[in-house]
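Enquirer: In case you want the letters, here they are:
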Amino acid sequence: MRVSGGDATMKVKVRLFANLRDYVPEAKIGTTLEVDLREGALVKDLVDHYQLPAELVKLVYVNAIYREMDFQLRDGDEVGIFPPIGGG
Amino acid sequence: MWILRIDMKELSYKLEDVPERYRLLYGRALTSQMIFDEVPPLCHALGPNNKLVFSAGIVTSTSAPTSARVSVGCKSPLTGGIKEANAGTSWAPDLASMRIRALVIEGFPEQGEKYWGTFISWDKDAGKPKVEFFDATGYTGQDVYDTFPKIYERFEGRISICSVGNAGEKSYGNSGIVFNDQAKRPSRYAGRGGVGAVLASKRLKFIILNEKGSPGVDIVDKPLFDEGRKKMIDAIRSHAISKPKGGLNSYGTAVLVNILNEAGGLPTRNFSSGRFEGAAKTAGEAIFETNKERMGKEIYNHACSPGCIIQCSNTYYNTDKTERTSCIEYESTWSLGANLGIDDLDDIATMVQLCNAYGLDTIETGGTLGVAMEAGVIPFGDSKGAINLIHEMGKGTPLGRILGSGTETTGKAFGVRRVPTVKGQSMPAYEPRAVKGIGITYATTTMGADHTAGYTIAPEILGVSGKSDPLSPEGKAELSRAFQATTAFIDSSGHCLFIAFPILDIASGFEGFIQECNGVLGTNWTAADIVAYGANVLKVERAFNEAAGIKAEADRLPEFMRLEPLPPHNQVFDVPDSALDAVFKEM
Ligand code: SF4
Numbered sequence: 001m002r003v004s005g006g007d008a009t010m011k012v013k014v015r016l017f018a019n020l021r022d023y024v025p026e027a028k029i030g031t032t033l034e035v036d037l038r039e040g041a042l043v044k045d046l047v048d049h050y051q052l053p054a055e056l057v058k059l060v061y062v063n064a065i066y067r068e069m070d071f072q073l074r075d076g077d078e079v080g081i082f083p084p085i086g087g088g
Numbered sequence: 001m002w003i004l005r006i007d008m009k010e011l012s013y014k015l016e017d018v019p020e021r022y023r024l025l026y027g028r029a030l031t032s033q034m035i036f037d038e039v040p041p042l043c044h045a046l047g048p049n050n051k052l053v054f055s056a057g058i059v060t061s062t063s064a065p066t067s068a069r070v071s072v073g074c075k076s077p078l079t080g081g082i083k084e085a086n087a088g089t090s091w092a093p094d095l096a097s098m099r100i101r102a103l104v105i106e107g108f109p110e111q112g113e114k115y116w117g118t119f120i121s122w123d124k125d126a127g128k129p130k131v132e133f134f135d136a137t138g139y140t141g142q143d144v145y146d147t148f149p150k151i152y153e154r155f156e157g158r159i160s161i162c163s164v165g166n167a168g169e170k171s172y173g174n175s176g177i178v179f180n181d182q183a184k185r186p187s188r189y190a191g192r193g194g195v196g197a198v199l200a201s202k203r204l205k206f207i208i209l210n211e212k213g214s215p216g217v218d219i220v221d222k223p224l225f226d227e228g229r230k231k232m233i234d235a236i237r238s239h240a241i242s243k244p245k246g247g248l249n250s251y252g253t254a255v256l257v258n259i260l261n262e263a264g265g266l267p268t269r270n271f272s273s274g275r276f277e278g279a280a281k282t283a284g285e286a287i288f289e290t291n292k293e294r295m296g297k298e299i300y301n302h303a304c305s306p307g308c309i310i311q312c313s314n315t316y317y318n319t320d321k322t323e324r325t326s327c328i329e330y331e332s333t334w335s336l337g338a339n340l341g342i343d344d345l346d347d348i349a350t351m352v353q354l355c356n357a358y359g360l361d362t363i364e365t366g367g368t369l370g371v372a373m374e375a376g377v378i379p380f381g382d383s384k385g386a387i388n389l390i391h392e393m394g395k396g397t398p399l400g401r402i403l404g405s406g407t408e409t410t411g412k413a414f415g416v417r418r419v420p421t422v423k424g425q426s427m428p429a430y431e432p433r434a435v436k437g438i439g440i441t442y443a444t445t446t447m448g449a450d451h452t453a454g455y456t457i458a459p460e461i462l463g464v465s466g467k468s469d470p471l472s473p474e475g476k477a478e479l480s481r482a483f484q485a486t487t488a489f490i491d492s493s494g495h496c497l498f499i500a501f502p503i504l505d506i507a508s509g510f511e512g513f514i515q516e517c518n519g520v521l522g523t524n525w526t527a528a529d530i531v532a533y534g535a536n537v538l539k540v541e542r543a544f545n546e547a548a549g550i551k552a553e554a555d556r557l558p559e560f561m562r563l564e565p566l567p568p569h570n571q572v573f574d575v576p577d578s579a580l581d582a583v584f585k586e587m
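The listed protein sequences correspond, in order, to chains X and E.
With this note's numbering applied, the first sequence has no gaps in its numbers, which climb one by one up to 88 at the end.
With this note's numbering applied, the second sequence has no gaps in its numbers, which climb one by one up to 587 at the end.
So here's chain X without its partners, still in its complex pose (with noise of 0.2 Å):
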């Protein structure tokens, strides 16, 4: 998959959990994705990429850190998305 906006590209790879995944229909239980973006996107872009609806995305966890919604992604970067979950 490719997003469009400006010519050099990078490839992450993106998780997608719990209800998340009604959003997108190759994201399987254990699938990793992986999409194209273009070089300096950040991770709202990732989720607009997806189309996933604001209120939902609550957590994103890049290279196993927390990181919001503006923070650069860089070529090979490894992203999960959450909505808001607990347990114990």
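Be careful, since some hints might not be right.
What the hints assert, rightly or not - Below 30 Å or equal to it, Euclidean Cα-Cα: the simulated DSSO-like pairs (lysine-lysine) are: (1) Lys467(E) with Lys44(X); (2) Lys128(E) with Lys14(E); (3) Lys297(E) with Lys58(X); (4) Lys28(X) with Lys14(E); (5) Lys44(X) with Lys28(X); (6) Lys230(E) with Lys212(E); (7) Lys467(E) with Lys28(X); (8) Lys292(E) with Lys281(E).
FYI, nobody ran anything at the bench for these hints, they're computed from the structure.
We have chain X; now place chain E with the ligand onto it with these hints.
Expert: Coordinates of chain E with the ligand only, in the frame set by chain X:
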């Protein structure tokens, strides 16, 4: 309200008035205070001087949502310190409805080989509870899934059951006390710290309740209670985590597997990594999808106890649509999954069912098997071997008895250095090197390693009540202290801890929570008052532990966590001892 004392030496009982100094103490606050007041701290946990105290919470048996919890207190045979374990079950409101503020089990019968059952019901003519005893020896040595139906058959009317399995009868440090769920399953455990062995040491196999005709609890200020109740219900029903078909109701607590894995904090193969490649196969989403495929429809979770509107408990089904187990919690799918390098959900479900059937705590069991795997008893990933070892524990073979003694004893028996325990109790499903605040809670709680005692995961990982950096030790002593004190109050209120998600985020929900309690008791508590109440509970527990020889030096994590960097963050536990000591010093 009464304190009901059952003396197992005399097979007798008496009802006492609740003394003034216990007037506002319920649940954990009361069990811990009574253990402090009545149990010699240096007694043997399985000896005649230990006692078991049961108490339901402040709002239990009212119409407050998600509030059917009962606390069980005693000196723990696992940690040697004070213990409070709680469970959600109809048994809790039934006890409260008969106005039994505390049920105390004390003494030892002369004939050690005989087990007894007690049947507590409401004596309408006398206007108080009465207790009958029966010989329960014939029910021992069995799977609790076999004994529960026999008890339901033997006693008429709607009853609630409290019992103990083989693990308790064999005096294991790993043994829980089991209560019925809403479908009569023996599946709701006050699981931790060996409370099952204490009940069995009294030779008490069953405590059966039938509250028919009982008056229920008084509410001093009904309008205030109703206002608070409504706010609580609104908060629970609107928060994404707790609302119908929200996170907990859809995916259960096991929804946490993936996020802890993504955050690098899912303890894997006996705490040697923070990530497990098979995590997704063991998570709440996988349970949901597997059920959907096998049952041909989406299955949402159910309530473990009356009046729960969060309803987080799952049932896991076989391909032939029969039930394999209920319920697979996050802690269990982790302890018997990632922690053992196992990603077969069917086998994990089998292990959960076996733990329930034998009366074992799933966290302690998984922790123990992880250490046994590290020792080479069986390899990591060997799910069939793990199932066999649980059978050995349940049957009481010599190896099974070592394992049943718990994670720490097993580590010693096999010469393992990486043993994830604090104060003798196995760590739950969050890795302290990747989530520093929860490590502080594990180290400092009076309970031995316990996540529920101060769930800093909410802000550190889940972004509930703000978001704090899990890898940073900064400010975490204060965070853990605040969570521990608030939790001690929630554990006394009778509410399930999962109300914390909506009330930490929604201010009116928190307000409603306090109003409910004020409504029942006629108090004027503020937010600061309930934190002070919780802090006082902790101080009492701490004082018991100190008198039992468990002092500040015991508030430490195992050394390997300071020495071995944990992938993927490659961090050690770097919280200074002074910060650990500050948790209680500055309380
Ligand atoms: S939220 Fe879950 S554990 Fe808590 S009372 Fe409800 S069903 Fe039981």
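Enquirer: Taking the hints in turn, state whether each one holds.
Expert: These are the hints, each one checked on the structure:
Proximity of Lys467(E) to Lys44(X) is assessed by CA-CA distance (about 18 Å); at most 30 Å being required, the pair is judged to hold. The hinted pair formed by Lys128(E) and Lys14(E) meets the criterion: a straight-line CA distance of about 11 Å does not exceed 30 Å. For the given pair, Lys297(E) sits about 27 Å from Lys58(X) by alpha-carbon distance, which is consistent with the 30 Å threshold. Only pairs whose Cα atoms come within 30 Å are accepted, and Lys28(X) paired with Lys14(E) is rejected, the gap being roughly 60 Å.
Pair hint Lys44(X) plus Lys28(X) holds up; C-alpha atoms about 22 Å apart against a cutoff of 30 Å. About 28 Å separates the Cα atoms of Lys230(E) and Lys212(E), which keeps this hinted pair within 30 Å; it holds. For the hint pairing Lys467(E) with Lys28(X), the CA-to-CA distance comes to about 28 Å; that is within 30 Å, so the pair holds. Taking the CA atoms of Lys292(E) and Lys281(E), the gap is near 15 Å; set against the 30 Å cutoff, the hint holds.
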